[in-house]
Structures are given as structure tokens and as C-alpha cells.
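Novice: One line per chain: the protein sequences are A and B, in this order. Note that numbering that gives the first Met the number 0 numbers the first sequence so that position 299 is 298, with each residue one more than the last. Note that numbering that gives the first Met the number 0 numbers the second sequence so that position 64 is 63, with each residue one more than the last.
I should point out that these hints are in silico values taken from the structure, not numbers from a laboratory. Everything numeric in this text was worked out from a predicted model, so none of it was measured. Note that the Cβ used here is the ideal one computed from N, Cα and C, for glycine as well. Hints are not guaranteed to be accurate.
Just some of the chain A residues that point at chain B, by a computed CB distance under 7 Å [stated by the list, open to error]:
1) GLY135
2) GLN138
3) GLY143
4) ARG144
5) LEU297
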Amino acid sequence: MHGTLKRLAPQLIALATLIALVSVFYPGFLSVSLNDGRLVGPVVDVLKRSAPVALLAVGMTLVIATRGIDLSVGATMAICGAVAAYAVSAGYGLPVAMLLAIGAGLLAGLWNGCLVAIVGVQPFVATLILMTAGRGIAQLITEGRILTFTDPAFAFLGSGNLLGLPMPTWIWICVAVLTTLLMRRTALGLLIEAIGINRRASALAGVNAVVLLIAVYMAMGFCAALAGLVVTADIRGADANNAGLWLELDAILAVVIGGNSLLGGRFSIAASVIGALIIQTISIGIRLAGFPSEYNLLIKAVLVVVILVLQSPRFGTEWHYWRQQLQFKRLREGKIAK
Amino acid sequence: MNMRALPLYVTIGIFLVAYLICWIQFPNMLSTRVVGNLLTDNAYLGIVAVGMTVVIISGGIDLSVGSVIAFSGVFIAVMLRDTGLHPLAVFAILLALTTAFGGAMGWLIDRLAMPAFIVTLAGMFLARGAAYLLSIESVPISHPFYQSLQGAYWLMPGKGRLTLIGLLMLFTFCVGMIMMHKTRFGASVYAIGGGEATAALMGVRQGRTTVKVYAFSGLMAGLSGIVFSVYTGSGYSLATVGTELTAIAAVVIGGTLLTGGAGYVFGTLIGVLTMGLIQTYIVFDGTLSSWWTKIVTGLLLLLFILLQKGLVRLSESRLVAREG
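The shape of chain A in the complex, shown without the other chains:
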């Protein structure tokens, strides 16, 4: 327990600082009130709106832990949303629609996984294919329109409430907790880390890297499908052009903010999810504090650079080098003074 807290400390401190900062500009940020049996307030809004990125971040953490990357998640979300909206408006009912959407997500993951694990294409390149073609496929399903539906059960997934909290919040919390348990209570997490650190060595040690890699990409597809369902249910329509647009980048950012190395290896799902919360707090905080939302991208950019500098394997040596240079300079100046 102590170890987990220590691991999550930077992210938690960042989140707390951020909340304090937003509270300065917008004092009511932490206020939560009970209205019609549901909790209302900016914090609840953050918990609800971070659902897509948090869901994607769970899957992306696993993919990045294997030293991979999945750029196609936004397009996968669009495909799954389109499939679900199509099935619901065709009268198949919610369970079938959900199964079809999740099936589409798993299929997308299987495709990416096979390209990466069996064909041996770099993950960045392999998932680029689906990223380019995926939105076209989604538009093929929606026939270029925004497919709207009126099914109340499906809409409940996006805007409903359960025990006071929004439904999307429950979904991402459940996925995050279950995945963490699956990874940490079994050897799965360890095996995934092994692949990320050295795929060859792990294969020699008897890890079935091919199957595991495909499974990881399929898990990513599953998360993307859920995210697509939530987004589609929230706006009660499938928008093939804009559903999940840019979210792959937000998901990667969340994982990076969570302190997971892009070079694979050790991972923490909890930290990634907190990363997603940080991203959402920034964007809602900026709006509440009265800044134009254009600052959002700039702040994200600065965040990425700062984290990169801190994470860089060369940062330590570089720091050492400059300090040494400074010392030399001082010594030299000292000599001249003498």
C-alpha cells in the first residue's frame, strides 16, 4: 500500500495543486450539491467528462507497457459508436447493439495486434493504417450522416445516473479497477512488463509474446469500444467525423502524465487514470476560471515538454554536464581573479 502511494504521489500532488489553483480562480470548484438524487458540481462534471480519456488510458497503459502505441483508438471509437447507433436504430435492442460494438472494437484490436505481433510492423505504423481508414469505415456505416437514435436505455449509458454518480463515471471506475486487479492479482501484469522491457528475452523465458501482444491490443479495442459507446450515448448520435477526434493523443498524454515510460516496462493504471483526471481538470478549470479555451492546447504542450524533460533518460547526465560546465567556469573566473 505504501509503495502504491509513493508511486502515485507525483500525480496526486499535481492533481491537488491543480484543484487548488482552479479553486483560487473559481471558488465554487469543490462544491457539490445533491439535486434530484444526483450529485451536481464541477468535480462531478470532471468525473463524468473524463470517462472517454480515462477508459482509453486504461488500455493505452497496457499497450505502452509492451513498448507499443495505438493511434487508432479515436477511429475505433467512431466505428464502435457508429455500429451501436446503427444497431439500435435498426431495432436490435441495446444488448445486441452493445455486443456488436464491443465485437467491432475487439476486431479492430485483433487487426492491430496481428500486424504488430505476427507481421512485425512497428506499432506506430501498424495502427496508423486503421487511424487513416477507420473514420472512412465509420462513415461507411453511418452513410456520412450523424446517426441519431432515441433509445432511452442506450442514452442512459451516457447521461444516466446510478447512486448519485453519472453512469460514465461508474463505467470507467469499474474498468480501471477490474483491469488493475486482473493485472496485479495474476502474473499478467508482470508478463506484459517483461515483453515491454525486452521482447526477445521474455520470449526466450517462455512468455508467449505473440498471444499476449494480440490480447493487449484487443483489450485496447475493448476500452475504445466502451469509450465509443459512452460518447455516442451522451450525444445520442454517432458522429463518424468527430467522435473520438484527438482522443488518442489525450490518452497517450494521460499515460505519460501518469509517469509511465513510453519505452515500455513498468506501468500503473491508477496513475494513468489520474493523468486523465488531470487533463480534464485543466480543460474544465480553464473554462470555469474564465480563460478562453484556446489556452488548453498551449498548457497541454507545456505539460508534455516538462514531463518529457523529467522523464528523459539523458536528463540526469545532461544536468550533470551543465553543472560541471558551470563549475569549470567559476574555477576559471576564480583563477583570473587571482
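Starting from the known structure of chain A, arrange chain B on it as the hints suggest.
Specialist: Frame of chain A, contents of chain B only:
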């Protein structure tokens, strides 16, 4: 036959076959008007793809170019609206700015030893954010110099228009080809893409070359932004979203190895034209929807990635056979 050039031959072959199919179906496809429009409509993409080719051959990637193009357009439009500077002066400032921006990203990539795509991802956010800060709305450009730029074309036989920006794209490709195949810098770029250790043994200054590569990509993105602003006659901060991916796709379809070290600038020109051809075909057909462009592009990407993978495996097994 040179195995390295095989993807290039495949690219050219696919382009010719595709054009032949289009021509059989729509004989007008071969008119100089269509060819002229093909060059004009894809001018900004072609220019940015030259920069992307250099970056990819060096083993990197530049995701910031789409945002930089949008930033350039907004920057030009706002400068022309708010200051009395001549467009040429604004162009010079802009190109210096984007080149420095690219160089800074290259410096970070080299110094931090981090994956290029995450550093340029930050650059993408930064450039787009800067464009938003300048203006959220689309800013029209109504400078007389711009109108003369837009009206500048050479009438080809058959009433096709070879516009200034189309010519500029072809010129950029020529410069890119000479730079990559005839200069020391080009050789260094190929060496770095082939393998950092071997490049270091060859005496390539890796840091300096990396900075130059990304600075060149920034310069091309700035130039592409100028062309795009001439093409659309305005600056809009939400324009050219996803152009970086289209450019990467054009480079890969052009036969450049995404892992770096092999590829031809000329192939990228064919790649850009192939993608333009798909779009033209869809316009000519009239019944197909524009989303087919994305699907066909994805399929072409897959084809070339698999082809390259196969070639790399083949050459590896040859090496093993020779050694064994």
C-alpha cells in the same frame, strides 16, 4: 535490379495503372486541365511531404506540420491585417519562425533522446494553440499582392493552368531531390536513418544533423502554410487538421521505409499525386462518397507497409545466407 528501389517502381507502377484505369473510364482525365488542377490542389501537401520525407528517412517523424501550416496561415492573415508590412516581409518572418520552431524540436529530440513523435506531438499542440491565440475566426486576406499571386499561372496547351503554387511544389521536389541525393547533408540523413551507431562510426554529427532535419521540415511546413494561404485566400486556425497523417501516408505510399534509411524524394511526389488522383477519380465519378478516399488510402498504406516488411525480411535472410 536494385532491391532498394523496388518500392519506388511499385509506386510508379500503381500510379500509372491507376491513371490508365481513370483514363479508360473518363477520357478527360488526361487533359492538361486535370493535370494542372492535380498539381495546384496538392501543392501544399506536396511541399510539406518533402520535409516529411527527409524526416522519415532520418528515422524520425514530425507530427507538428499540420498545426504549423494552420499557424502560418493565421499568422500571415493577422500580420497583413494589423501591420503595414509587405507580404514578402511577412513570409520571411514566418519562414524564419517555423524553421526555428522545427530546429528547436530537433534539438529537444536529440538532447532528450526521446521518441520524435512525442516531442513533435507537443509541438503540434503548441503550434495549434498559438494559432488559436492569434485568431479563432477565419481571417480573410485581401492584399493586392495576394490576388496577383493567386492569378499567376501559365496556360498550358489544352487550356490547363499550371499555377505558381503548382510550380513551386515541383521546384521544392527538385530541391529536395538534389539535397537528399547530391549533398553531404543528404548522405548524413540516410546514415542516421540506417543506424545511429554506424552513422557515428562514419563520422556523422548526429545532433547537428537532427536539428537540421527538423528545421528543414519546419521550413517546408511554413512554405506549405504560405501556399495554403494563397490557395484558400484566408487564414484559419482549424484548417489542415490531420495533414501530418496525409503527408506521412503520401511518403509511405511513395516507397519510403518508415523505419528510416531508405526512400526517394521522387517517390513522395508520386505518392502525393496518387492520393490526389483518388480524390479526382471520386469527383469525376460523382456517386462515390469522399470517405472512400480514406479507406483506399488506408489500403494503399497497408500494401506498402507489407511490401516493405517483406523486402526487409528478404534482405535479412539474404544477409544470413551470405554469412552462414
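Novice: All hints, please: hold or fail.
Specialist: Quick rundown of the hints versus the structure:
1. GLY135: With a closest approach of 3 Å, the A:GLY135 hint holds.
2. GLN138: 4 Å, holds
3. GLY143: 6 Å, holds
4. ARG144: At about 11 Å, which exceeds the 7 Å cut-off, the nearest Cβ of chain B leaves the hint on A:ARG144 violated.
5. LEU297: 4 Å, holds
Against the hints set out earlier in the document, a violation occurs for number 4 only.
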